[in-house]
Structures are given as structure tokens and as C-alpha cells.
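Trainee: Below are the chains, spelled out letter by letter.
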Amino acid sequence: MYDAPANKQSVDQSNQKITARNVQVFYGDKQALRDVSVDIEDRTVTAFIGPSGCGKSTFLRCLNRMNDTVAIARVEGDIRLDGEDIYHPMVDPVQLRAKVGMVFQKPNPFPKSIYDNVAYGPKIHGLTRSKSELDGIVEESLKRAALWNEVKDRLQESGTGLSGGQQQRLCIARAVATGPEVLLMDEPCSALDPIATAQVEELIDDLRQNYSVVIVTHSMQQAARVSQKTAFFHLGNLVEYGETGTIFTNPQDPRTESYITGRIG
Amino acid sequence: MNVGILSIIVLALALCGFVVGRNRALQSVKGDARKLHSLPVYHGQTVALFVTVPAVLMMAVWLVAQPMVIEARIVGQLGDAVAADPVASKLAMEDVSRIADGLDALQAATGLSDDEIGDMRSDLSDIRGRLAEVGVALGSEVRPEIFSMAKSLRGMQQTGATMMTALVLMLAVGGLALGILRIEGDFRARNVAESFFMWLLVAAAGVAILTTIGIVLSLFSETMRFFSVHPASDFFFGLTWNPQFRGGSDLGIIPLLWGTLYITFVAMIVAAPIGIFAAIYTAEYASPRVRSVVKPLIEVIAGIPTVVFGLFALVTVGPFLRDYFAVPFGLGTSGSSVLTAGLVIGILNIPFVSSLTDDIINAVPQSLRDGSYGLGATKSETIKKVILPAALPGIVGAVLLATSRAIGETMIVTMGAGAAAKLDLNPFEAMTTITVKIVSQLTGDLAFDSPETLVAFALGSSLFVITLGLNVFALWIVRKYREQYE
Ligand SMILES: Nc1ncnc2c1ncn2[C@@H]1O[C@H](COP(=O)(O)OP(=O)(O)OP(=O)(O)O)[C@@H](O)[C@H]1O
Ligand SMILES: [Mg+2]
Chain H
17 MYDAPANKQS
27 VDQSNQKITA
37 RNVQVFYGDK
47 QALRDVSVDI
57 EDRTVTAFIG
67 PSGCGKSTFL
77 RCLNRMNDTV
87 AIARVEGDIR
97 LDGEDIYHPM
107 VDPVQLRAKV
117 GMVFQKPNPF
127 PKSIYDNVAY
137 GPKIHGLTRS
147 KSELDGIVEE
157 SLKRAALWNE
167 VKDRLQESGT
177 GLSGGQQQRL
187 CIARAVATGP
197 EVLLMDEPCS
207 ALDPIATAQV
217 EELIDDLRQN
227 YSVVIVTHSM
237 QQAARVSQKT
247 AFFHLGNLVE
257 YGETGTIFTN
267 PQDPRTESYI
277 TGRIG
Chain Z
56 MNVGILSIIV
66 LALALCGFVV
76 GRNRALQSVK
86 GDARKLHSLP
96 VYHGQTVALF
106 VTVPAVLMMA
116 VWLVAQPMVI
126 EARIVGQLGD
136 AVAADPVASK
146 LAMEDVSRIA
156 DGLDALQAAT
166 GLSDDEIGDM
176 RSDLSDIRGR
186 LAEVGVALGS
196 EVRPEIFSMA
206 KSLRGMQQTG
216 ATMMTALVLM
226 LAVGGLALGI
236 LRIEGDFRAR
246 NVAESFFMWL
256 LVAAAGVAIL
266 TTIGIVLSLF
276 SETMRFFSVH
286 PASDFFFGLT
296 WNPQFRGGSD
306 LGIIPLLWGT
316 LYITFVAMIV
326 AAPIGIFAAI
336 YTAEYASPRV
346 RSVVKPLIEV
356 IAGIPTVVFG
366 LFALVTVGPF
376 LRDYFAVPFG
386 LGTSGSSVLT
396 AGLVIGILNI
406 PFVSSLTDDI
416 INAVPQSLRD
426 GSYGLGATKS
436 ETIKKVILPA
446 ALPGIVGAVL
456 LATSRAIGET
466 MIVTMGAGAA
476 AKLDLNPFEA
486 MTTITVKIVS
496 QLTGDLAFDS
506 PETLVAFALG
516 SSLFVITLGL
526 NVFALWIVRK
536 YREQYE
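Protein chains in written order, with this note's numbering: chain H, 17 to 281; chain Z, 56 to 541.
Just to be clear, a hint being listed does not mean it is correct.
Claimed, not checked - Simulated coverage check for chain H against chain Z, where a stretch passes if three residues somewhere in it have a Cβ under 8 Å from a Cβ of chain Z:
1) 79-85
2) 136-142
3) 183-194
Said to hold, decoys possible - Below, computed lysine-lysine pairings styled on BS3-like, alpha-carbon distance capped at 30 Å:
4) Z/K350 / H/K168
5) H/K122 / Z/K439
6) Z/K434 / H/K128
7) Z/K439 / H/K159
8) H/K115 / H/K168
9) Z/K350 / H/K115
10) Z/K477 / Z/K350
These are computed hints drawn from the structure, not numbers from a lab. Beta carbons are placed, not taken as given, at the ideal position from N, Cα and C, and that holds for glycine.
With the sequences and hints as input, model every part of the structure.
Mentor: Written out as C-alpha cells, the structure is:
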């Protein structure tokens with residue numbers, strides 16, 4: 017219902033950016049995700065909702081193989097990005113993560129200057145040829161993350177000296193600067209005030225022109241505002257997945273209905 | 056009564072105070088502990104503190120002050136001529152206390168009464184012979200005035216001890232009574248205990264600081280004595296180190312400083328990279344299983360005594376370097392060399408650097424690694440660009456700490472680099488360091504106030520200033536690059 021006309025045109029080709037089939041995740045002996053199958057579409061915002069501890073972050077971290085860095089985590093099932101198995105032994109997780117960017121639940125700016133935080137990705141991937149080009153990317157990314165006006169005079173100050181909400185927007189700018197095809201955002205607005213939240217939502221809507229965005233959120237309103245697709249997780253299961261409008265107005269599963277009306281979670 | 060028994064009595068009183076105080080606190084509210092401001096235990100504790108703290112403080116002060124007061128009095132009695140000359144009064148005082156100790160031993164061995172000892176006279180009874188029997192050898196015949204001094208010293212010591220016992224016991228009993236009388240339901244015993252523990256901690260910190268100040272002061276005062284008998288410019292700028300037994304020595308610090316810095320430099324060239332790389336491996340790359348084996352294995356090095364390292368330098372590294380490098384390349388024929396000592400000190404310091412660095416790297420939050428990996432950085436990029444910069448202040452601190460240790464190392468240098476003070480660039484030459492020379496100057500047979508001995512203190516002060524400078528520098532770096540996480 018929020019679809020822009022440009023988006024509608026591109027729907028005709030194969031529109032699946034990421035396809036996940038029967039994904040299981042174990043932390044040691046404990047199973048955190050059961051049989052999750054989802055198709056994430058290109059140029060679409062997909063929202064993951066569900067009560068705390070249901071496995072939203074876990075699933076998000078499967079999509080760019082961040083779970084590889086957790087020693088006890090084990091992922092089973094099949095996840096494909098543009099038709100290629102991302103857990104195939106030949107796939108380099110480092111390159112995958114350059115394509116599938118991530119904003120974490122807790123802001124984690126590097127203890128470097130604001131500028132260097134944003135320039136980090138472009139530098140390691142050699143995305144720019146000159147200093148002025150890099151300056152341009154930094155400015156552009158900070159603007160898209162709605163942080164530029166607050167930091168344009170202090171780009172050389174440490175990123176850790178910013179407020180929590182500013183840090184989170186810095187992390188968003190950092191992820192955007194790398195130019196990912198898919199952006200995974202784990203509760204990006206949980207530390208933000210309503211104004212910054214609105215700006216980030218605008219950014220997400222803007223990113224949808226070119227990328228696919230997956231956002232985890234605890235705010236039903238936010239999911240309804242920014243996403244076209246919504247997935248509802250509960251206790252490690254994917255309960256329901258579909259058009260955001262349908263999920264919120266006409267949920268098929270009683271658990272979904274109880275959650276969105278505030279009875280569980 | 057001796058100090059041990061006195062302490063036991065005070066402790067026993069404190070224990071009584073604890074039990075009585077606790078019970079009385081309970082009684083004062085008719086057994087209902089909820090009505091007390093503080094738990095009964097705190098009341099007991101407070102009474103015990105009232106008993107011990109003043110008594111123990113008094114005992115400590117008395118034990119320190121008594122010998123000083125007595126000495127001042129005795130020296131006063133020796134006459135103005137002796138009192139004015141510090142050396143003479145010190146010697147006289149030593150005689151007096153030796154004889155007094157001898158009399159104590161005699162009394163213990165033969166069971167003479169105090170009166171009989173008081174009646175002894177140095178010109179009549181054979182004091183020297185009798186003291187020799189109980190194992191106290193005196194150099195010369197005992198002079199009568201010294202002997203009577205010794206007797207009065209014993210007298211003063213005895214009165215002093217009696218007075219101290221009486222005072223301490225009075226304080227303990229008084230504290231007990233006061234503590235018990237103060238107990239009532241509203242008494243804030245918990246706060247008293249709280250502030251007591253604060254002062255205890257303050258005192259502990261104070262002891263540490265005061266000892267440091269004391270050490271520095273004594274070091275510097277001896278150094279000043281050295282500079283009063285030897286020109287400071289010769290010491291600081293002299294290019295030769297050549298102490299003579301008959302005076303007229305060249306005591307220039309430069310060759311020693313050069314040796315110290317050269318050896319330390321070689322040691323850190325070995326220890327810093329290997330230690331840091333080993334730490335990066337154990338902290339970032341090693342699986343938990345490998346890590347649990349490798350880390351302790353590296354740290355075993357730290358448990359080897361430095362003398363053993365010295366042997367290693369002497370019999371293995373030294374000859375190896377000489378036979379395979381120095382001699383074939385015509386760089387020297389000495390088994391002891393800067394390179395030998397530097398290498399071995401470097402090896403000694405590897406676990407130091409690596410285990411500190413490992414801890415520091417582990418303290419970098421996982422979220423920073425996630426952030427970097429999430430942007431598509433590789434492991435080594437993450438380490439180079441995020442982890443090491445974040446850990447840098449700590450790593451610099453670790454390296455400088457290891458440097459201080461290398462500078463202060465003595466045993467390995469003695470055995471590995473020799474004792475020849477030389478200014479030379481060739482790392483295959485024998486050289487020596489400040490610490491080695493401090494030891495050799497102090498263990499010589501020279502008079503204690505000759506410049507050749509006193510120079511040890513000047514060397515010590517210089518070493519202290521260098522290490523202090525190093526630490527200040529480390530702090531400065533840490534401040535400059537401090538970047539807090541989150
Ligand atoms: N590193 C880990 N080690 C062990 N268990 C983990 C780990 N990370 C997550 N889990 C477990 O996996 C389950 C899902 O966690 P996850 O972080 O995905 O929840 P979430 O849906 O993101 O919750 P929230 O909304 O609170 O962020 C939880 O039961 C959690 O305890
Ligand atoms: Mg989460």
C-alpha cells in the first residue's frame with residue numbers, strides 16, 4: 017500500500033533477493049530457530065517483529081553470516097542471495113558482508129573519528145579513488161543518516177563521544193557508506209527520539225529505491241509505517257509472513273493477532 | 056611483659072568486647088534485633104575496634120619512639136664533644152647497645168638478678184671475658200663510662216617497657232568500657248565500622264606512598280653525599296668508567312647508560328613484536344582448545360628464574376653467537392656480548408608482553424569486532440584497524456613495563472654481557488649496565504663513604520629517574536591516545 021510506482025515496475029522479474037529455506041540455528045544444544053523459510057524481496061522493506069528472545073536478531077545474523085563469529089552457533093538449512101548459496105564453502109563471508117550490511121542492536125561506533133568511522137568501509141573495499149571522492153561519500157552517508165548537520169563541524173572528533181542516538185545514526189551512516197545491496201537493521205531506532213526516528217524511517221524509505229532493507233523492530237507503528245512485508249516470529253518459529261497490510265489488518269494466526277493487539281510479548 | 060604477650064592480651068580483650076558488645080546490643084532492645092539501628096555484629100565489632108585501635112596505635116608509636124628517645128638521652132650523657140660528632144656518637148651508641156645486649160644474654164644464660172648486674176663493675180669483674188662466654192665478642196676492653204651507660208640503657212629499656220605495658224592495657228580496658236557503655240538501640244555501630252574500614256584502606260595506601268617517598272629520599276640524600284665528594288659534571292658527562300682503589304677514579308655514567316640502553320633496545324626488539332604477535336594469535340586466532348594450551352606454555356617462561364636465563368646466555372647463546380656470527384664475520388671474539396644479553400632478556404620478557412597484551416585485546420568489546428566484520432572487513436583488517444588502535448594505549452603500557460623490567464635486569468647482563476664498561480656500537484662486544492655496576496660497587500671492599508661506593512647511589516638515582524621518565528611517558532601516550540569503548 018506504500019509502494020512507489022518505480023517499485024511496482026521492477027516487480028515483474030524474479031524479485032527474490034534472499035531466499036531462506038528450513039533454517040535452523042542452534043546455540044550449543046539449544047535450538048534458537050526452527051524451520052524458518054522466508055523470501056526477502058528486492059527493493060522492499062521487510063520488518064521482523066516478535067516478542068523479545070524469539071530469534072529475530074539470530075535470523076538477521078544468519079543472512080550475513082555474522083553467526084560465524086559466535087563459536088557455539090550452528091546454522092542449518094539453505095539461504096541464497098541472488099540464487100547463490102551463502103553458506104557454500106566457496107563463499108567468502110567477508111565479501112558477503114560487504115554486500116549485506118548490518119546495523120546492530122546496540123550502537124558500536126569504532127573508537128575513531130566520526131569521519132574515519134564512516135570512511136571505514138569505503139577504505140577497506142577501495143571504493144574511492146581520491147580523497148575528495150571519499151569526502152563526498154562521507155558527507156552523503158551522514159546526510160542520509162540524518163546526522164550531517166549535527167557533526168559537520170566536528171568530523172575529526174571521536175565517534176564514541178556522541179550521544180547514544182547519534183552513535184546509532186553514525187552506525188547507519190557507516191553501513192550505508194559501504195554501498196550494500198541488502199541492509200540489515202536490528203532495532204535501529206530503539207535509542208532515537210521521534211525526530212531522529214522519523215529521519216531514519218525516511219532514510220529507509222529512500223534506501224528502498226535501490227536496496228532491500230530488513231528491519232527488526234518492537235514498534236508495530238514503525239513496522240506498519242516503513243515496511244511492505246512483515247514476518248512475525250514467536251519462540252524460534254516463523255509464525256506468519258506476508259504483506260504488512262494483511263498482517264496488521266487480517267492476521268491468519270491467532271498468535272499474530274494476540275501479539276499485534278498487545279496480548280502476548 | 057613482651058610485645059607478643061601484650062598483643063595477645065589486647066586481642067583477648069577485643070574478643071571479649073565483641074561478645075559482650077553483641078549481647079548487650081541485643082539486651083538493650085530485649086532481644087528484638089529489628090529495633091537496633093545496626094546489626095548486633097556491628098556493635099560487637101565496634102567494641103572490639105575501641106579496644107584494639109588505640110592500644111595498638113599506642114604500642115606502635117611507643118615501639119618506634121622509645122629507642123629514639125633513649126638514644127638521644129644516652130648520647131646526651133656522653134658529653135657534648137661526642138654528641139656533636141655524628142660518627143663518634145654513632146660508634147659509642149653501638150658499643151653501648153652491644154654491651155647492653157650482652158648483659159641481657161648473660162642474664163638469660165646465668166640467671167643473674169638485676170641487682171647483681173647493677174653491682175657489676177667493668178674495672179673489677181672481667182666483663183669482656185664473661186660476655187665472650189655467652190657469645191658476645193667485644194673488640195676492646197670495656198671502658199667504665201660506657202659500661203655504666205649500658206646499664207642505664209637497660210634500665211631505661213625496662214622502665215620503658217613497663218610504662219608501655221601499663222599504658223596499652225589502660226587504653227585497651229578503657230576502650231572496652233567506653234565501647235560497652237555507648238551501646239544502645241540507636242547507636243550507629245554500622246557507620247562506625249564503615250568509617251573504620253575506610254581509614255584502614257587509607258592507611259594501606261599511605262604506607263605504600265610513604266615507603267616510596269622514604270626510598271626516594273634516602274636514595275637522593277646518599278646521591279647528594281656522592282656529589283659532594285665527586286663533581287656532578289664528571290659523573291653525568293664522563294665518557295670513561297674506571298673506578299680505582301686508591302681514589303682518582305673516572306666515574307662517568309655515559310658508558311653504563313649506553314650499555315643499558317643498547318641492551319634494553321635489543322631486548323625490546325625481540326620481546327615487543329614476538330610478544331604482541333603471540334598475543335594477537337592467542338587472543339584472536341587460536342581456538343579455545345589451542346589457546347588453553349599455548350597461553351600457559353608461553354607463560355611458563357615467566358616462571359624460570361633469571362639466573363637460569365643467565366646460564367642459558369652464558370653457555371648456549373653467547374658461544375653460539377660468537378662461533379657462528381661474530382668470529383666468521385670478524386666482529387669480535389667475545390662470548391659475552393650486548394646481543395647475547397639483549398636476546399635472552401628479550402626472551403624473558405616475551406610472556407610479560409604477550410600475557411598483558413592478550414588481556415588488553417580481550418578487553419576490546421566484541422561489538423567492535425562485530426561492527427567491523429559486519430562491514431565486510433577481514434580478520435586481519437579488523438585487527439589492524441579496529442582492535443589494535445583500540446588496544447594501543449594498553450599495549451604501549453605493557454611494552455614500557457617490559458622495558459622497565461629489561462632496564463632493571465642484572466643477572467642476565469652479568470652472565471651474558473660481561474662487566475666491561477665500554478662505549479661501542481658493535482653488538483658483539485661485551486658491555487655492561489648500570490645495575491651490574493651498582494652491585495659491583497656496593498660489594499667491593501671499599502669504605503662506605505668513598506666516592507667509589509657512593510657512586511652506586513648516584514647510579515641508582517639515575518636509574519630511578521629514567522624509569523620514572525619512562526612511566527610518565529607511558530602515561531602521556533596512554534592519555535593522548537585514550538579512546539574509550541562505547
Ligand atoms: N550468543 C548467544 N549464545 C547463546 N544463546 C544465544 C546467543 N544469542 C542469542 N541466544 C539465544 O537465542 C535466542 C534468540 O535470541 P535473539 O537475540 O535472536 O532474540 P531477539 O528476538 O533478537 O530478541 P530481542 O528482541 O530481545 O533483541 C534467545 O533465547 C537467546 O537466549
Ligand atoms: Mg535482538
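Trainee: If a hint holds in the structure, say so; if it does not, say that too.
Mentor: Tested hints:
Residues of the region 79-85 of chain H with a Cβ under 8 Å from some Cβ of chain Z number 3, which satisfies the need for three, so the listed coverage holds. For the region 136-142 of chain H, the stated coverage by chain Z is satisfied: 4 residues place a CB nearer than 8 Å to a CB of that chain, which reaches the threshold of 3. Counting residues of the region 183-194 of chain H whose CB lies closer than 8 Å to any CB of chain Z gives 4, so the stated coverage by that chain holds, three being the minimum. A threshold of 30 Å between alpha carbons decides the hint, and for Z/K350 with H/K168 the separation of about 46 Å lies outside it, so the pair is violated.
Our distance criterion of 30 Å between C-alpha atoms is met by H/K122 and Z/K439, whose separation comes to about 23 Å. The straight-line distance between the Cα atoms of Z/K434 and H/K128 is roughly 18 Å, inside the 30 Å bound, and the hint therefore holds. The straight-line distance between the Cα atoms of Z/K439 and H/K159 is roughly 28 Å, inside the 30 Å bound, and the hint therefore holds. A hinted pair counts as satisfied when its Cα atoms are at most 30 Å apart, and H/K115 with H/K168 qualifies at roughly 27 Å.
Annotation: proposed proximity of Z/K350 to H/K115 is violated, straight-line Cα distance about 37 Å (limit 30 Å). With a C-alpha separation of about 39 Å, the suggested pairing of Z/K477 with Z/K350 is violated against the 30 Å cut-off.
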